[in-house]
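Start from the sequences and build out the full structure, keeping to the hints where you can.
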Amino acid sequence: MSKLVINNLFKVFGANPKLAIKLIREGKSKGRILKEAGMTVAVNDVSFEVEEGETFVIMGLSGSGKSTIIRCLNRLIEPTAGSIVLDGEDLLKMNRKQLVETRRTAMSMVFQNFALLPNRTVLSNTEYGLEVQGVKSLERKELAKEALKLVGLEGYEDSYPDQLSGGMKQRVGLARALANDPEILLMDEAFSALDPLIRRDMQDELVDLQEKMKKTIIFITHDLDEALKIGDRIMLMKDGEVIQIGKPEEILSNPADEYVERFVQGVNRSDLLTAKDIMVKPWTTVTENQGPRFALAECRKYGLESLLVTGSGRVVAGMVTIDDIKKAVAEGQPSLQQIIRAEDVNRVSLDTNINDIIEPALESSVPVAVTDSDGRLKGVIIKSNVLRALMQERSDDNA
Amino acid sequence: MPRIMIGKLFEGVVDYLRVSWKVVFLGIRDFIETIIDFIEYGLSYFPFWVLAIVIALIAYKRAGKGIAAFSLIGILFIESMDLWSEAVSTLSLIITATIIALLIGIPVGILSAKFELLNKILRPILDLMQTMPAFVYLIPSVLFFRIGPVPAVFSTIIFAMPPAIRLTDLGIRQVPTELIEAGESFGSLWYQMLFKIQLPLAMPTIMAGINQCIMLALSMVVIASMIGAGGLGSMVLTGVSSLKVGMAFEGGLAVVVIAIILDRLTQGKSGNNK
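Quick note, the sequences are listed as chains A and B, same order. Remember, our numbering sits 38 above the position in the first sequence when you count from 1. Remember, our numbering sits 8 above the position in the second sequence when you count from 1.
Think of the hints as simulated: they come from the structure by calculation, not from any bench. It is possible that part of the hints are untrue.
[As the list claims (entries may be wrong)] Pairwise CB distance ranges (calculated):
# : chain 1 : residue 1 : chain 2 : residue 2 : range
1 : B       : Thr185    : A       : Leu72     : 21 to 29 angstroms
2 : A       : Lys73     : B       : Pro10     : 36 to 44 angstroms
3 : A       : Ser85     : B       : Gln138    : 54 to 62 angstroms
4 : B       : Leu119    : A       : Lys66     : 52 to 60 angstroms
5 : A       : Arg300    : B       : Thr185    : 44 to 52 angstroms
6 : B       : Lys73     : A       : Asn157    : 50 to 58 angstroms
7 : A       : Leu72     : B       : Gly72     : 29 to 37 angstroms
[To be verified] With a straight-line cut-off of 20 angstroms between C-alpha atoms, the simulated SDA-like cross-links for lysine to any residue are:
#  : chain 1 : residue 1 : chain 2 : residue 2
8  : A       : Lys416    : A       : Ser350
9  : B       : Lys204    : A       : Glu139
10 : A       : Lys174    : B       : Lys204
11 : A       : Lys41     : A       : Gln150
12 : A       : Lys267    : A       : Asp242
13 : B       : Lys204    : A       : Arg158
14 : A       : Lys364    : A       : Ser403
15 : A       : Lys135    : B       : Glu189
For glycine and all other residues, C-beta sits at the position ideal for the given N, C-alpha and C.
Here it is, written out as structure tokens:
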């Protein structure tokens, strides 16, 4: 079962929310409700599920209701109707005491503008969640220090927030949320207030951290690049409604409607293409135990200047050049082992970004070998593959 | 246009309270009197130079060298004018009035920030308390408490409390929403929210309120000498009414010195403290 199940969530701001829900059920549009009853439907019949250990990104422009939704999840904003089921328990049916307990132990929030207490030190800020739970001073200092270490803020315990840069402040915000060891992290535009370079760093670090922690993260953003980078799944929102939920590739390759498509157009897709997407099957390879005569024949057959050589289990061993092969034939060597150049092959892994492949592919005449984590040959990339992928990119953008 | 007898009505209310609520006012009188006596006894227990040094030390810690030197010289100056005992009784009135005004004003300010309705009700009352000429409620408070320091302190409390309420309310309202949300999201209970987030963040503004409260109390204490408050105010009053210009001036100067010391002591906090 999913960690968090949200069903038919509504939030109406205005004098008589129940009436608005009734009107919606009768089929009146948001616009008419605003006009006739003066009420705003901020979240309109939203349902989604979040799996344990998943990074679930809710994205949309301002006014799309994403910030309202995340605040409904811990009831900072009281939803008008619907259910929010965490581990089989409906948050909306909880009394105040249960809710406080859930907030303390099950979910922590990270805020756009950090929301640090200026009168407290970094350590004391990090302790806050534990402090309100009544954890003993020594123990909570210990836990807070660990959390700070996790986000790379060791040694800043006694600084005050206004002595830190934006990125560091948000690390404190993250550490404060992690110190509670919550099951769910709610991150509300957590990186939006940071400048672009710091922002990328923080995204990378979150991805790294998440690999270790395996928390369930719900991340709000208005930036599709960010959503694609960190999200396992993305939910696109517009005017309080869900437009599309899917994996990043699904959203890119299969936009649900024009709105999503317009969003997707702005994305630099070369950021997303990896070796796996552009590699091709090698025409031919030789093994290190085959003889030079066979290799020479293969070269001639395909008109190649060099060949990839694999060892046992198709692990890439290196390459041989046609000149070396000819020499070996003349000297009558029994196998290719003497002439393998192990260092001259560029190896990349399956998920290497295309931007990192351009250089090795263009500077060498030998194909780039794409290998899995055990070093086995999965495919090759030659200049033309990279160029074609990049060209396609360009023409998509212009279309 | 018929004459609205609001003055008569007020008289009636005052008379009614004076007679029927006598016990209550006697209780309040005893209470305030005890505090004044206690503080005055405490302050005059030590010779003036001990207090001078203590105040200078506090000033040094909170507001720096300059103010510390000023406090020391100022107190010596008051003593040299032979006004120290008057200054002590004025100080005890101010301290009593301020303490009571803050004890009521800060909690009321906190509640007013929380409950919009209370804030709406309070606003005109605070306006009334601040702008009604002080003489107008000196007389009823004499009727309730008889002549002496108690009605003076009572009037002073009414006059000095509004800024404490207003600025506490403002300070708490100014705490950024995101910080309130952060407190909520980590599961703070209402008192944790108040003492760990709202009050610490509102502190600079509340301190400004306390400062205002003290300053208003000081200005009122001089006026209140008309109903027997004693202290420096009565020096000024006697001086003015018997045309002894020098005496009035000396009393006035002592008030100024005390005002500056108290102001700097309470302002120091918001300025250089972090």
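Results of checking the hints against the structure:
A hinted range of 21 to 29 angstroms for the beta carbons of threonine 185 of chain B and leucine 72 of chain A is consistent with their spacing of about 24 angstroms. Roughly 49 angstroms separates the CB atoms of lysine 73 of chain A and proline 10 of chain B, a value that falls outside the hinted 36 to 44 angstroms. For the pair serine 85 of chain A and glutamine 138 of chain B, the supplied restraint of 54 to 62 angstroms holds, since their beta-carbon distance comes to about 55 angstroms. One distance hint, 52 to 60 angstroms for the beta-carbon pair leucine 119 of chain B and lysine 66 of chain A, is violated here, with the actual separation near 41 angstroms.
The beta-carbon spacing between arginine 300 of chain A and threonine 185 of chain B, approximately 32 angstroms, falls outside the hinted interval of 44 to 52 angstroms. Between lysine 73 of chain B and asparagine 157 of chain A the CB atoms are about 26 angstroms apart, so this pair departs from the stated range of 50 to 58 angstroms. A beta carbon spacing of about 58 angstroms between leucine 72 of chain A and glycine 72 of chain B contradicts the range 29 to 37 angstroms that was offered as a hint. Restraint check for lysine 416 of chain A and serine 350 of chain A: satisfied, since their Cα atoms lie roughly 14 angstroms apart, inside the 20 angstroms limit.
For a cut-off of 20 angstroms, the pair hint linking lysine 204 of chain B to glutamate 139 of chain A stands: about 18 angstroms separates their Cα positions. Between lysine 174 of chain A and lysine 204 of chain B the alpha-carbon distance is near 16 angstroms, which keeps this suggested pair within the 20 angstroms criterion. Pair hint lysine 41 of chain A plus glutamine 150 of chain A does not hold up; C-alpha atoms about 24 angstroms apart against a cutoff of 20 angstroms. Distance restraint check for lysine 267 of chain A and aspartate 242 of chain A: the Cα-Cα separation of roughly 8 angstroms lies within the 20 angstroms cut-off, and the hinted pair is therefore satisfied.
A C-alpha spacing of about 10 angstroms is found between lysine 204 of chain B and arginine 158 of chain A, which places the hinted pair at or below 20 angstroms, so the restraint holds. A hinted pair counts as satisfied when its Cα atoms are at most 20 angstroms apart, and lysine 364 of chain A with serine 403 of chain A qualifies at roughly 18 angstroms. Restraint check for lysine 135 of chain A and glutamate 189 of chain B: satisfied, since their Cα atoms lie roughly 17 angstroms apart, inside the 20 angstroms limit.
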